[in-house]
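Chemist: Residues per chain, in single letters:
Protein chains: 2
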Amino acid sequence: MAELHNRRWILHRRPEGLVTLADIELREEPLGTLKPGEVLIRNHYLSIDPAIRDWMSDRPSYLPSIPLGEVVRSTSLGEVIESHHPAFKAGDLAVGVNGWEDYSIASGDQLMPVQPLAGEAEQYFLSIYGAVGLTAYFGLLEKGRPQPGETVLVSAAAGAVGSLVGQIARLKGCRAVGIAGSEEKCRWIVDELGFDAAINYRTSANLQDAIRESCPDGVDVYFDNVGGEVLDAALMTLNKNARIVFCGAISGYNSQQPVPGPYNFWQILARTVTLEGFLVSDYFARFPEAIAQVRQWLAEGKIVFREQVVDGLEHCLDTFNLLFEGANNGKLIVRINSLPQASGGSGLRRDQLNHATAASALAATQEETR
Amino acid sequence: MAELHNRRWILHRRPEGLVTLADIELREEPLGTLKPGEVLIRNHYLSIDPAIRDWMSDRPSYLPSIPLGEVVRSTSLGEVIESHHPAFKAGDLAVGVNGWEDYSIASGDQLMPVQPLAGEAEQYFLSIYGAVGLTAYFGLLEKGRPQPGETVLVSAAAGAVGSLVGQIARLKGCRAVGIAGSEEKCRWIVDELGFDAAINYRTSANLQDAIRESCPDGVDVYFDNVGGEVLDAALMTLNKNARIVFCGAISGYNSQQPVPGPYNFWQILARTVTLEGFLVSDYFARFPEAIAQVRQWLAEGKIVFREQVVDGLEHCLDTFNLLFEGANNGKLIVRINSLPQASGGSGLRRDQLNHATAASALAATQEETR
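Line order of the protein sequences matches chains L and A.
Per the working numbering, the first sequence starts with residue 1, numbered consecutively.
Per the working numbering, the second sequence starts with residue 371, numbered consecutively.
One or more hints might be untrue.
Between beta-carbon pairs, the in silico distance windows are [said to hold, decoys possible]:
1. A:Asp688 x L:Pro216: 40 to 48 Å
2. L:Pro216 x A:Ala669: 50 to 58 Å
3. L:Leu68 x A:Glu695: 23 to 31 Å
4. L:Gly149 x A:Pro518: 36 to 44 Å
Hints are computed from structural coordinates only; laboratory data are not their basis.
It should be emphasised that the depicted structure is a prediction, and the values quoted were computed from it without experimental measurement.
Ideal placement from N, C-alpha and C gives every residue a C-beta, glycine not left out.
Could you build the full structure based on these sequences and the hints that come with them?
Modeler: Right, here's the structure in full:
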């Protein structure tokens, strides 16, 4: 396996604010050779996630910072080309925490084999069956612990995680209210996903009041992806003994100043709130159970999921920055080394995969769970 | 019961910063008459607590703000003088959320009858058998959920609540580390109370480093009474899945600016921490169980508790401000209408009640639980 060259996005400076070409650049490097236990993967899909911004900084977090001079870390899905690990052979598909690069060399112990069923696109394992779907699933159910009849509020509700959180909340018999940044997004989560209400935080004169109006019985679970002012507003609307699932804080990821916690922090005491930090990786052993459940909901048309797939490794950075402009529509994935798959009946389109399911089935579910 | 006059501390302005005589003043008012269901109490002891500062402000909290023109709210213990409630008769002792005043008129439904055992001072029911002791007990055990061998860090560790938290942590087989504001306090919690280590936050060059040194295995439970910079430092030392008991935030109570949450708020996600707001009043139904346990520990010499009793209603304000200077030594109580009690063998002194117990018994316990 000689002479393979590898294009890789390399971090060569810690970004301040939005990431630019001054911080990361696409370089071509010779591919190394495999050590025992390692696997060579030709990546097909790269995951574009807000968390990557956190890993680029040098503040302490749940994973080490990406070292300068190293590839930008991301989850990827690809095909095994060569394996020095007993669990993998050429042709297998595997998911792992690799990087924005054509090829990855990884320890087989750190890879998860995946096997799409007929009609399932490979990249589902980077989205609805991957960190995104399982973050919504475990974050809401294990940390939010929603009870039927309760109100679940979610920020970045048209985002990959948030859109699923609201739908799972509905399936569990809760009122689901989403906060999003455009009228189109608000319409989408209510009309297509079945949220009970949506709030456009960009046009609300007073976000607290808007939440109170949409959550007349108060908020029992707040699933937070954004932090900042939205978290501050949500804190003022929580019921006693409410739960906050602290899943992300995208509003602060590009800040060049230290970002304080919420100004309404005291409300956590005053309302005896439980706030829990959540990392999906802690639930690794239970991924199969969650994938089976999400797969069933998808098959039954009970959840709708949206991916936005962009072609070309060279577009990783542009695509990444869409996240911070709120300009993406669903889970962002970059496709490389792979033609679009003709997956049966999933309405796959080249630039945007809208896995919308029968609206009637969803509507029926809504009636049942209202 | 006519012609009784009542001296009362009245809130007539919302304080900015430290409370002064421009905010509250001692007035003499005629005592009202009892309605059905009400009880007239001659107060013996008034509780002086940081939380009262919160109630004086108009920010939303777990109790309504004290209305302007009303008595400063506090827990008090007194003797029933007249009762229009079937559960109380003249001569009974009762605790309730009343005010800094000679006499209180309260609904009997809102009062708790108390009965000191032989040798127990009345004011125990405002301290170790009251909100202070039960806050330490339920806060640590129910919210902190300490496991044997874990490390429990507590701020304001020489304070009324903190000093008990560390001792209960030791009784549960944990390493107990306290943060306090003077060398004397640090010596006291280690030498007299049996904490494993103490940190003087005023003289530590780097509080994070000091915590790491005293907590070589990291912190599993952080019991927070102060918020602010101490909370920020503690956040950087937490183990994965640590618990924070959010019991108070005295560092911010006198602030005239909005007080942000901790700058290291992100660590709650990165370390998958659970932060829980705690109010002892939520455990009202379980007070008897806790009092029985604390009473037993006290009888067995397993815990040491310190009260600072000041005589005279006119000293409520000075005494209250000691809290914010860190100048008190133990639970602050103002005594009125009552002579010091000759409680058997508890080493009662006029200005400071030091319920120290046999050091040898404590040392034995330490050995057992180390």
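Chemist: Each hint needs a verdict: does it hold in this structure or not?
Modeler: Hints versus structure:
For the hinted restraint 40 to 48 Å between Asp688 of chain A and Pro216 of chain L, the CB-CB distance of approximately 47 Å keeps it satisfied. In this structure, Pro216 of chain L and Ala669 of chain A meet the distance hint of 50 to 58 Å, their C-beta atoms being roughly 52 Å apart. Judged by the Cβ atoms, the range 23 to 31 Å given for Leu68 of chain L and Glu695 of chain A is violated: they are separated by roughly 48 Å. Between Gly149 of chain L and Pro518 of chain A the beta carbon distance is about 39 Å. The supplied range of 36 to 44 Å therefore holds.
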